[in-house]
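In order, the protein sequence lines correspond to chains A and B. Sequential numbering of the first sequence, starting at 1, is according to UniProt numbering. Sequential numbering of the second sequence, starting at 1, is according to UniProt numbering.
I should point out that these hints are in silico values taken from the structure, not numbers from a laboratory. Treat the hints with caution; some may be incorrect.
To be verified - Simulated restraints on C-beta separations: (1) B/G114 <-> A/D222: 20 to 26 Å; (2) A/H20 <-> B/D269: 45 to 51 Å; (3) A/E219 <-> B/N262: 20 to 26 Å.
Glycine included, each C-beta is placed from N, C-alpha and C at the ideal position.
Protein chains: 2
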Amino acid sequence: MRNLQGRLELCSINTATLGHREPLNQTIERIARAGFGGIAPWRREVEGGDVPRLARQIKALGLSVTGYCRSTYLPAATSAEFSANVEANRAALRDAAVLGAQCFVLVVGGLVPGSRDLEGARSQVVDGISMLLETARECGVPLALEPLHPMYAAKRAVVNTIAQALSICETVDPDRSGFIGIAVDVYHCWWDPELTASIATTGQANRILAYHVCDWLHETNDMLLDRGMMGDGVIDLPAVRSCVERAGYNGLVEVEIFSAQNWWQREPDEVLAICAERLQTVC
Amino acid sequence: MRNLQGRLELCSINTATLGHREPLNQTIERIARAGFGGIAPWRREVEGGDVPRLARQIKALGLSVTGYCRSTYLPAATSAEFSANVEANRAALRDAAVLGAQCFVLVVGGLVPGSRDLEGARSQVVDGISMLLETARECGVPLALEPLHPMYAAKRAVVNTIAQALSICETVDPDRSGFIGIAVDVYHCWWDPELTASIATTGQANRILAYHVCDWLHETNDMLLDRGMMGDGVIDLPAVRSCVERAGYNGLVEVEIFSAQNWWQREPDEVLAICAERLQTVC
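The whole structure should be built from the sequences, with the hints applied where relevant.
Here you go:
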């Protein structure tokens, strides 16, 4: 496993970690100044802005873009809505290309509101991803399918385990084109009894496109916005990274923390300093 | 699949559904009067009371005991503590036998507080269950290992999928003695992409000992105490029960709802009436 001590160039900050409190150009500046090697911005910060200019700023500061967050949810009640969702993702993929993103993160969406058809939603997800794969190839930006914790199955993502995500990758891309893989986020998968085995199967296909860290707090008070800083929770972070790297992943380690009551209340530079310290000591 | 219309004798109420607001003898009376065929009491209502007397009351009213809730958590920081946990479960198994319970529900416990050793906790669970199996046989009360939703992995149970629970059953009981199986609770497993496949494998071994229903609310506001009434959420209940019965389960359908802000605020008889109606129409 790589030693991250003194290697902040191997580390990236997902801008959600700072709570989206400043314009993206300031966040870019801050993250570069703190010495990180990468950034993962969100569409809400990018869309409607001067995308090429942001891309130039990121490049000039030597940051890589470890991911562009995130897809419009795919499952829909009507085919017109479904098509609109796919189109919104195509537009985002074009921005991802301008930004030079290493992947476009797919958070696929939950059940159609009012529906109990989990299989149907999963099937729409496979269809939507198939349609996006061609655009990904044209844009040169791979799709990183992110399995979300099962507690988000109803509202945010019907893809909930690494094994399931990998199976979708094989279905839509049996030739392993390099344009679809997975994002492994420790928060979503740390509990999985099949974690080690599932990650081990990714090696041959080079399916891991991103690796996200944070921590699961023993006392978690909110299902969405109470993620912990690495080291403050129960996840054996070195064990997971070791698996991921044994499977061939050699990209950056990206910090993604949603924390309304704690980290989003602190000064951005303080948060970045603590991320840097924890990345080098407990990840 | 069995039709539950007019068949409340096939339905059971877990006493947690009523919020543990009354002494157990009143709850038993209420559940019998409402026409249900079974009850699943909790140790907090039983221990320290006159257990044989409660057992006689339950029997006289014609109720079966679909489960006795629930085990003391197994993983511990010291071997003395671990042994004490096993002993506490042995004592509970003896009460389960007095009550005539069809199974003793194993909620196995989370990580040892302060520890990140998930594998270690899982290994302690297997050891503890092996030790309890002999007592279960002596008492004539099978152990029903209940996989809990992954969001409880840290604090309540390191057994989180049906496949994992079944694998533990095979490890500790390769001869399929009938004294260990699983409790399938829709709340914990509805999201699992392997749900249908996992349940289908239980048939040969007759491993399903209990089947619990409630619902997952689209808007879930609390990770523990915000379960929904059947029909109010997103779970395709007939689909799950159909799987479970195809695998050979012919026991009662037990309602278990933790709901601090809604159902536990209502009159117990109202809750029971709504349970009865929903069991017959949407389960």
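Tested hints:
1. B/G114 <-> A/D222: 20 to 26 Å: holds (22 Å)
2. A/H20 <-> B/D269: 45 to 51 Å: holds (49 Å)
3. A/E219 <-> B/N262: 20 to 26 Å: holds (23 Å)
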